[in-house]
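The primary structure of each chain is shown beneath.
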Amino acid sequence: MMGMAILVIVSFVNIHFERFNMARELGEAGEAKMIGTLIAGAINNAYANGEGFQVYLSPEQVNFTRLGEVEKMYGLGVELPITINNTAREIVIKRNTTKTGGGIWSVEVPIIPNNVVRRDPTAEYPELTVRNNGTNILIYADAAHITTVS
Amino acid sequence: MKILKNCSGQVSIEFIILIGAIVVMVVAVFPYITRANELSKAHAAARDGATFAVGMRGMGYKPLNDKELPPGVVKITKVEMVKVGNYNGLVWYRFNISVYAPDYIADNSTYGQSLCGTIINQALQYIYYAFNGRWSDNSILSRVNTSHYSFTATCTFE
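Sequences listed follow chains A and B, in order.
Residue 27 in my numbering is what sits at position 25 of the first sequence, and the numbering runs on without skipping anything.
Residue 37 in my numbering is what sits at position 52 of the second sequence, and the numbering runs on without skipping anything.
In case anyone wonders, no lab produced these hints; they're calculated from the structure.
Treat each hint with caution, since some may be false.
Said to hold, decoys possible - Using 27 Å as the maximum straight-line C-alpha spacing, the simulated DSSO-like pairs for lysine-lysine come out as follows:
1. 47(B) / 101(A)
2. 63(B) / 26(B)
3. 47(B) / 96(A)
4. 47(B) / 35(A)
5. 52(B) / 35(A)
6. 101(A) / 26(B)
7. 60(B) / 101(A)
8. 68(B) / 96(A)
9. 60(B) / 96(A)
10. 68(B) / 26(B)
11. 47(B) / 60(B)
Claimed, not checked - Heads up, incomplete: computed chain A residues facing chain B, CB under 8 Å, no partners named:
12. 5
13. 6
14. 13
15. 31
16. 110
Quick reminder that beta carbons are idealized off the backbone N, C-alpha and C, glycines included.
Please work from the sequences and hints to get the whole structure.
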């Protein structure tokens, strides 16, 4: 009787934890994609509004530390740096969920311009400022957070 | 002289028979319960894995070196468990996973195969984890064997 009870309880606990982890993985994946959409929105706005236009995304909005955090999560966070691919005109976000059986997943968020250039943040243009200088779309971000490829 | 009856520490013969009968019943049905539990655990795990795969693909994520799907609503509508026969001395069950996807995904063989492949693999990965307590070293699984059963999965579009 005790054996049966243990069997049933252990099964319920397993199902509970599996579903909890699955819900968290999916939630974090959605969160990561939303960050990509946010950055893409800023880039597109800077492109569409012409020279001199700039958008500032605060570090609170895009929390890179939390996004790439691996210690408190069961799986792995977003693989940083986030890649902006100018040739494909997309922002590529990768999530490594090999620890939770999901493998490596990536999502591409399309952007309009193909001339996005990363620059190191300055006092005038802090982290996550997106600016149109008339020639390129400049994104000010740490190299460990965002990278651009042609 | 008065005889004092000492009744403490004794149970009736009926009670002993009842307890004995319960113990015998439990022992007799225990193997069936463990097997039924194994099946229900696999079913739940397959459903979870398929749901995870559909959630990721529906959001636009794709596994490494796989095809990107066009945006659209993708849902699991049914996960059936069908007994197929025997496989290497194990009872073989197959999960028939029914998926709803837009026509431009379901009718396109490239997208359809890519989506189905992810769903099947993820369902089997979750089954593997449910029975082994760790994730498989193989990134692609086509079958999962347990102590009594062998599980495979198929995917069809509705």
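Hints, verified against the model:
1. 47(B) / 101(A): Holds, at roughly 17 Å.
2. 63(B) / 26(B): holds, 16 Å
3. 47(B) / 96(A): Within the cut-off at roughly 9 Å; holds.
4. 47(B) / 35(A): holds, 12 Å
5. 52(B) / 35(A): Within the cut-off at roughly 18 Å; holds.
6. 101(A) / 26(B): holds, 21 Å
7. 60(B) / 101(A): Between residue 60(B) and residue 101(A) the Cα gap is close to 25 Å, so the pair holds against 27 Å.
8. 68(B) / 96(A): With a Cα-Cα distance of about 38 Å, the restraint between residue 68(B) and residue 96(A) is violated, given a limit of 27 Å.
9. 60(B) / 96(A): holds, 23 Å
10. 68(B) / 26(B): holds, 16 Å
11. 47(B) / 60(B): Satisfied, since the Cα-Cα distance of roughly 16 Å is no more than 27 Å.
12. 5: holds, 7 Å
13. 6: holds, 6 Å
14. 13: holds, 6 Å
15. 31: holds, 6 Å
16. 110: Nearest chain B Cβ about 7 Å off; hint holds.
Checked against the numbered hints above, the structure breaks only hint 8 and satisfies the rest.
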